Amino acid sequence: MKVNEKTEKIISVKGLTKKFGEFTAVDNISFDVKKGEIFAFLGPNGAGKTTTIKMLTTLLESNSGEIMVSGKKISDKDGVRSTFGIVFQDQSLDDELTTYENMEFHGVFYGVKQPERAIRIESMLKLVDLWERKNDFVKTFSGGMKRRLEIARALIHEPKILYLDEPTVGLDPQTRNYIWKYVNDLSKLKGMTIFFTTHYMDEAEKMAEKVAVIDHGKIITIGSVKEILASTKTKTLEDAFLTLTGRGIREEEANASSRMRMARKAWKK
Amino acid sequence: MNSPVYIMWLRQLKKYWRSKPRVIGALGQPILFLLALGFGFGPIFEQAGQGSYIQFLAPGVIAMGVIFTAMFTGIEVIWDRQFGFLKETLVAPVPRWKIMLGRTLGGATVATAQGLIVLIACIIIGFSPSSIYGLILALLFMFLIALFFTAMGTAIASKMEDMQAFPLIMNFLMMPLFFLSGALFPIDTLDGAIKTVTLLDPLTYGVDGLRFALTGMSSIGIITDLLVIGVLSIIVLLIGSKLFSEIQI
Numbered sequence: 001m002k003v004n005e006k007t008e009k010i011i012s013v014k015g016l017t018k019k020f021g022e023f024t025a026v027d028n029i030s031f032d033v034k035k036g037e038i039f040a041f042l043g044p045n046g047a048g049k050t051t052t053i054k055m056l057t058t059l060l061e062s063n064s065g066e067i068m069v070s071g072k073k074i075s076d077k078d079g080v081r082s083t084f085g086i087v088f089q090d091q092s093l094d095d096e097l098t099t100y101e102n103m104e105f106h107g108v109f110y111g112v113k114q115p116e117r118a119i120r121i122e123s124m125l126k127l128v129d130l131w132e133r134k135n136d137f138v139k140t141f142s143g144g145m146k147r148r149l150e151i152a153r154a155l156i157h158e159p160k161i162l163y164l165d166e167p168t169v170g171l172d173p174q175t176r177n178y179i180w181k182y183v184n185d186l187s188k189l190k191g192m193t194i195f196f197t198t199h200y201m202d203e204a205e206k207m208a209e210k211v212a213v214i215d216h217g218k219i220i221t222i223g224s225v226k227e228i229l230a231s232t233k234t235k236t237l238e239d240a241f242l243t244l245t246g247r248g249i250r251e252e253e254a255n256a257s258s259r260m261r262m263a264r265k266a267w268k269k
Numbered sequence: 001m002n003s004p005v006y007i008m009w010l011r012q013l014k015k016y017w018r019s020k021p022r023v024i025g026a027l028g029q030p031i032l033f034l035l036a037l038g039f040g041f042g043p044i045f046e047q048a049g050q051g052s053y054i055q056f057l058a059p060g061v062i063a064m065g066v067i068f069t070a071m072f073t074g075i076e077v078i079w080d081r082q083f084g085f086l087k088e089t090l091v092a093p094v095p096r097w098k099i100m101l102g103r104t105l106g107g108a109t110v111a112t113a114q115g116l117i118v119l120i121a122c123i124i125i126g127f128s129p130s131s132i133y134g135l136i137l138a139l140l141f142m143f144l145i146a147l148f149f150t151a152m153g154t155a156i157a158s159k160m161e162d163m164q165a166f167p168l169i170m171n172f173l174m175m176p177l178f179f180l181s182g183a184l185f186p187i188d189t190l191d192g193a194i195k196t197v198t199l200l201d202p203l204t205y206g207v208d209g210l211r212f213a214l215t216g217m218s219s220i221g222i223i224t225d226l227l228v229i230g231v232l233s234i235i236v237l238l239i240g241s242k243l244f245s246e247i248q249i
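From first to last, the protein sequence lines stand for chains A and B.
Going by our numbering, the first sequence opens with residue 1, and the numbers climb by one from there.
Going by our numbering, the second sequence opens with residue 1, and the numbers climb by one from there.
Hints in this document: simulated from the structure, not taken from any laboratory.
Model, not experiment: these values are computed from the prediction.
Since no wrong hints were added, every one of them can be taken at face value.
With the C-beta cut set under 10 Å, the calculated list includes, among others, these residues of chain A facing chain B:
1) Lys54
2) Thr58
3) Asp94
4) Glu104
5) Tyr110
In silico BS3-like links for lysine-lysine, alpha-carbon gap of 27 Å or less:
6) A:Lys77 / B:Lys159
7) B:Lys242 / A:Lys19
8) B:Lys98 / A:Lys77
9) A:Lys77 / A:Lys34
10) A:Lys181 / A:Lys210
11) A:Lys139 / B:Lys15
12) A:Lys134 / B:Lys15
13) B:Lys20 / A:Lys134
14) A:Lys113 / B:Lys14
15) B:Lys14 / A:Lys126
16) B:Lys20 / A:Lys146
17) B:Lys15 / B:Lys242
18) A:Lys146 / B:Lys14
19) B:Lys242 / A:Lys73
20) A:Lys9 / A:Lys72
21) A:Lys160 / B:Lys98
22) A:Lys35 / A:Lys188
23) B:Lys15 / A:Lys113
24) B:Lys242 / A:Lys72
Some chain A residues near chain B, calculated using beta-carbon distances under 7 Å:
25) Thr57
26) Leu59
27) Arg81
28) Ser82
29) Ile86
30) Phe88
31) Phe109
32) Lys113
No residue lacks a Cβ here, since even glycine has one placed at the ideal position from N, Cα and C.
Throw the hints in and build the complete structure from the sequences for me.
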């Protein structure tokens, strides 16, 4: 029997918790992402989005809970790592290397052998319109060009899952549009699973097949955009988001990442 | 080449070669020591019947060039953590000890190259190596010293996030290790506790081996030097690999 791609789970999270000292960044969350799905993971600043992505991508260990990625337990780190590509929230390129060298480095680290590596580098760089700049140092690039390069780099090993942690932050509308169009093509044409976070609710509304909203470390709703709008009796995802997470600016959340870092340091001691 | 160790090594070399101020800047301190101490204390050293001070001092100054470059390679871990590139390597399906090994070998190669540049500068100033063959042994010792201190720098950096604290800690560690290593004075004339402390300093064996290779003078013995610095380099590399493997971001 042929398995329907959109019913097969590729990420499965059960009872996941992460604490930094007394602070619970992620509190007993559970969700599934289906193969080929575009999944938006939304939440206010400091809600636990990036901490969750770090656990899903093996950068951080959880205190409790289970994660299965592409049929592999998260403890099989190298096995899990070979299944995904990631574009981090902050830049992660080496500015002192050229475009090509950054791609080459990634290709070697993900075991893409020559001559296939050279073919893929050329095709990826052409896809994001950076082939002509292959010998330029990354430090000469604009924010948008760096983002495009990071996406190209994340795809060189043809991952099953692409994590995008706020991929369009700080970019102009043209570049944002370009990136989402490309991401959509990846999902539709190659069946790649896309797991992304964003603060631009219009982007999530347009792109996501499924949305989870996390706040204070807990998932407060999960479903399709249509289902979330119906359950919150709102007309846009932004209204739904504000209804679910509140309209006031929560001071304690403003510096959540630095607070978490401090708590982590204290916890390490 | 398809090896992550090789590509990591190559990255270190490219970054070093592209940073000309780094190449030139790392020359400053050793040359200053050679000129100030060599020509300042030289006459006293010679009057005491110890021969040419420049000949004695040059291997110590070369070791200085190596260890300062090697230890500060560790800051690149913190730098990479700060600017995001470390994450890129840590999510890759590559055992972390291989990443650590590539980093360490790259840093050690860079530090050895820096030592070679200091050696050339020493020769221009007036130092004369005893034989051409000794230069090969000298390169081996420079590499072992570099390996030990690069691994130590990387191990310490694996546990740190503060970019400003790292140089302070490195100086706090390196200065005593350098001054007690016999780089500036002969250790065979020392007695008691200071001699014991000197013999506990890993750099003592590196400097002594380097001095033997370049001038034929040794206070400890080349085999002991080679064994101690070689074994210690492997131990620090293993500890560094463990600490690097434990990094969480």
